[in-house]
Amino acid sequence: GDNRTSVRTSNELIAYKNVNDQPTPREMMILVDQKNEAVLLPIYGIMVAFHISTVKTVSSQQDTNRNCYVRIIFNVPGTPFTPHDANSIKNQGAIYLKEASFRSKDPRHISEVVQQIKTLRRNVMARESERAERAT
Amino acid sequence: MADGHLFNNITLGGRGGTNPGQLRVHSGGILWKKQGGGKAVEVDKSDMVGLTWMKVPRSNQLGVRIKDGLFYKFTGFRDQDVASLTSYLQSTCGITPEEKQLSVSGKNWGEVDLNGNMLTFLVGSKQAFEVSLADVAQTQLQGKNDVMLEFHVDDTTGANEKDSLMEISFHVPNSNTQFVGDENRP
Numbered sequence: 001g002d003n004r005t006s007v008r009t010s011n012e013l014i015a016y017k018n019v020n021d022q023p024t025p026r027e028m029m030i031l032v033d034q035k036n037e038a039v040l041l042p043i044y045g046i047m048v049a050f051h052i053s054t055v056k057t058v059s060s061q062q063d064t065n066r067n068c069y070v071r072i073i074f075n076v077p078g079t080p081f082t083p084h085d086a087n088s089i090k091n092q093g094a095i096y097l098k099e100a101s102f103r104s105k106d107p108r109h110i111s112e113v114v115q116q117i118k119t120l121r122r123n124v125m126a127r128e129s130e131r132a133e134r135a136t
Numbered sequence: 001m002a003d004g005h006l007f008n009n010i011t012l013g014g015r016g017g018t019n020p021g022q023l024r025v026h027s028g029g030i031l032w033k034k035q036g037g038g039k040a041v042e043v044d045k046s047d048m049v050g051l052t053w054m055k056v057p058r059s060n061q062l063g064v065r066i067k068d069g070l071f072y073k074f075t076g077f078r079d080q081d082v083a084s085l086t087s088y089l090q091s092t093c094g095i096t097p098e099e100k101q102l103s104v105s106g107k108n109w110g111e112v113d114l115n116g117n118m119l120t121f122l123v124g125s126k127q128a129f130e131v132s133l134a135d136v137a138q139t140q141l142q143g144k145n146d147v148m149l150e151f152h153v154d155d156t157t158g159a160n161e162k163d164s165l166m167e168i169s170f171h172v173p174n175s176n177t178q179f180v181g182d183e184n185r186p
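Quick note, the sequences are listed as chains A and B, same order.
Numbering of the first sequence is given in the numbering used here, commencing with residue 1 and proceeding in unit increments.
Numbering of the second sequence is given in the numbering used here, commencing with residue 1 and proceeding in unit increments.
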């Protein structure tokens, strides 16, 4: 019944099942994997996957030296409007990655990434809330 | 020095992305040279305190921890290299590499593990990422529950990567018992 639905939604938060499913870009750069609904971030020479549903907001900024910055904020418990409550109860004691900021050499790539993340997030959220509605 | 194994196309990973080069594993230790000269990393086997293997997408990563807390990461080993290198390292250095797994599930919650000067973020006992605290310029406590790490930034950082990490922050809920009080913060 109801119980099973909530368990399923929290288990759905899987970007990849296997290490080899994860794409490897030619360059170390932020990548949006539409198919697997994941954002890949270059952290210390490794691409680290985050499921789109963990992302809360994304924003970019450019300074006077034409450096471009992108900031990704993740969902953490205790902030309003986070759809994570089922998880935060389950993961008591866990530490959350809250934010990651990157500097980029390529403003065009960054604006593309920001758009892709926003669109993907919106689509996945819409689909999930529709599914949740149908389940009730 | 005819002994040992030679691997081409091994990248040294770190703060500034990755550098391709050549790695030689010999009876005295490990030597990595950057392609085209320049940077080299030499680790004497007596300085090695730990070795790890981690499977990464389409490759394998060898982690070498040395006495002073530094941790080098070499990527680019094929699956068949892992077995032969493991037995070679066992017999020459007397260290059995530990196996680590990379988390690809995409979760942003887990545990923080501090070892030497490495901070590891683990998701379900698998490693999501690892950062060196030696590269942290500043830490800040934001509010009661958030810890921010700011990384050193200069013109040379990220020479080999398009996007380079500047800041990360962790949210430590009140329910967490691992880090209690300010002085223990990562």
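Derived by calculation from the structure, the hints in this document are not laboratory data.
Note that the structure is a prediction, hence the values are computed from the model and not measured.
Glycine included, C-beta positions come from ideal geometry on N, C-alpha and C.
A couple of the hints might just be wrong.
Which residues of chain A face chain B? A few of them, derived with a C-beta cut under 7 angstroms, are [as the list claims (entries may be wrong)]:
(1) V19
(2) V48
(3) A49
(4) T54
(5) V76
(6) A94
(7) R103
(8) P107
With a straight-line Cα cutoff of 20 angstroms, these simulated EDC-like cross-link-like pairs (lysine to aspartate or glutamate) come out [what the hints assert, rightly or not]:
(9) A/K35 to A/E112
(10) B/K162 to A/D63
(11) A/K56 to B/D146
(12) B/K162 to B/D146
(13) B/K162 to A/D106
(14) A/K105 to B/E99
(15) A/K17 to B/D79
(16) B/K162 to A/E27
(17) B/K144 to B/E167
(18) B/K126 to B/E99
(19) B/K126 to B/E111
_Enumerated hints in conflict with the structure, sorted upward_ = 8, 12 and 14
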